[in-house]
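Those protein sequence lines, which keep their order, are chains S and H. Going by this note's numbering, the final residue of the first sequence carries number 257, and the count climbs one at a time with no gaps. Going by this note's numbering, the final residue of the second sequence carries number 1103, and the count climbs one at a time with no gaps.
Take the hints with a grain of salt, since some may be wrong.
[Unchecked claim] Dumping the calculated DSS-like pairs for lysine-lysine here, alpha-carbon to alpha-carbon at most 25 Å: (1) S:K233 - H:K1036; (2) H:K1081 - S:K184; (3) S:K14 - S:K3; (4) S:K181 - H:K1034; (5) H:K1081 - S:K181; (6) S:K14 - S:K123; (7) S:K207 - H:K1081; (8) S:K181 - S:K123.
Keep in mind that the hints were calculated from the coordinates and are not lab data.
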Amino acid sequence: MKKAGINEFRYGLKRGLPIALGYVPVSFTFGLIAVSGGIPVWMAIFISLSNLTSAGQFAGTNLIISGAGYFEITLTTFIINIRYMLMSLSLSQRLNKEMNLPKRLLIGYGVTDEIFSVASMEKGRLNFPYFIGLIIGPVIGWTTGTALGAVISTALPDSLSGAMGIALYGMFIAIVLPEAKKSKPITLIVAISVLAVCLLRYVPVFKMVSSGFRVIIATVIGAGIGAVLFPIKDDTVSDEVKVEASAPPKETEKEKI
Amino acid sequence: MMDLTYAFIAVLLMATVTYIPRVLPIVIFRREIKSKYIKSFLRYVPFAVLGALTFPDIFYSTNNIYTAVAGTIVALFLAYKEKSLVIVAVGAILTVYITGLII
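Isolated chain S, as found in the complex (with noise of 0.2 Å):
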């Protein structure tokens, strides 16, 4: 028993290299990023090993950066992370009995888009030590790439670090556009929400709504249109979904935690 559970952490160990390797260089450019914002050094890497995951914590700390209120950045970064609700519905349904309580709290902290996508392509029932040595990997490249960008960026000169503001929002192209290449429903959300955000900011009316709240009412408009007008049919969810989050890690998809 003991015997096998070492196995399954190392098969996870093997299985989490690959994601531990495509996370560094994103995070380095988030530890580049937070610091040339003003976060501190030891601050950046406390925010990639408490939330181990991408565009939730880019939006928060720009949110912080610009110093916006504790609701607001509580409520984007929510949003943002409501898909991982899905990841984890379908990852319970594959856990093994032996998965107690503390064991789940404990690989639910782990759950990031990559991780679900390699767990959800193993056969059979998932059990503990396999997701242990998943994790480790991802969760070390993830902060060790946060801590190298972090100190390097303490050392750019004024005129690069001033350049570093648009990185963000690169990589958030960077992680819609292929999408909205593939799709016609997903690239008319993304039009009606930025047309949302846009009309928000610049009608008069609008004034009072703070920029956090403006990228969450679009946002709810965007998503919620695009369900009304393209539901994706019952059975087919779980499968494109899937398909989706778990083909085999791509050069792309590698790199969105």
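Use these hints to put chain H onto chain S, whose structure you have.
Chain H only, in chain S's frame:
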């Protein structure tokens, strides 16, 4: 100088709302969501969020709107070519840096 207490509390809040959606379904729900609308909504949320976060803020992300527009165009082009996140980000940074030197 950043208010560290403020930033630290904000990070803890972020960590909490990142952890909850990940752990709740594993701990509590054992059944799948049935509504195709809710499922579709959840699937579309990340794209809507990222779109709203990026535009129009990207145009104000540097000291100069022209360098930002140049960086945006390069980012769009590289992303359309399905380059990796890092390549797109670095391409945008370098474009902003170089156009900033020229302007």
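Verification of the supplied hints:
For the given pair, S:K233 sits about 7 Å from H:K1036 by alpha-carbon distance, which is consistent with the 25 Å threshold. Restraint check: the Cα-Cα separation between H:K1081 and S:K184 comes to about 17 Å, which is no more than 25 Å; the hinted pair holds. As the CA atoms of S:K14 and S:K3 are separated by approximately 17 Å, the hinted pair is consistent with the 25 Å bound. With a C-alpha separation of about 28 Å, the suggested pair S:K181 and H:K1034 falls outside the 25 Å cut-off, and the hint is violated.
Of the pairs offered as hints, the one joining H:K1081 and S:K181 holds, with about 10 Å between alpha carbons and a cut-off of 25 Å not exceeded. Simply put, S:K14 and S:K123 have alpha-carbon atoms about 16 Å apart, close enough for the 25 Å limit, and the pair holds. For the proposed pair S:K207 and H:K1081, the alpha carbon gap of about 37 Å is over 25 Å, so the pair is violated. Distance restraint check for S:K181 and S:K123: the Cα-Cα separation of roughly 31 Å exceeds the 25 Å cut-off, and the hinted pair is therefore not satisfied.
Of the hints listed earlier, those the structure fails to meet are numbers 4, 7, 8, in rising order.
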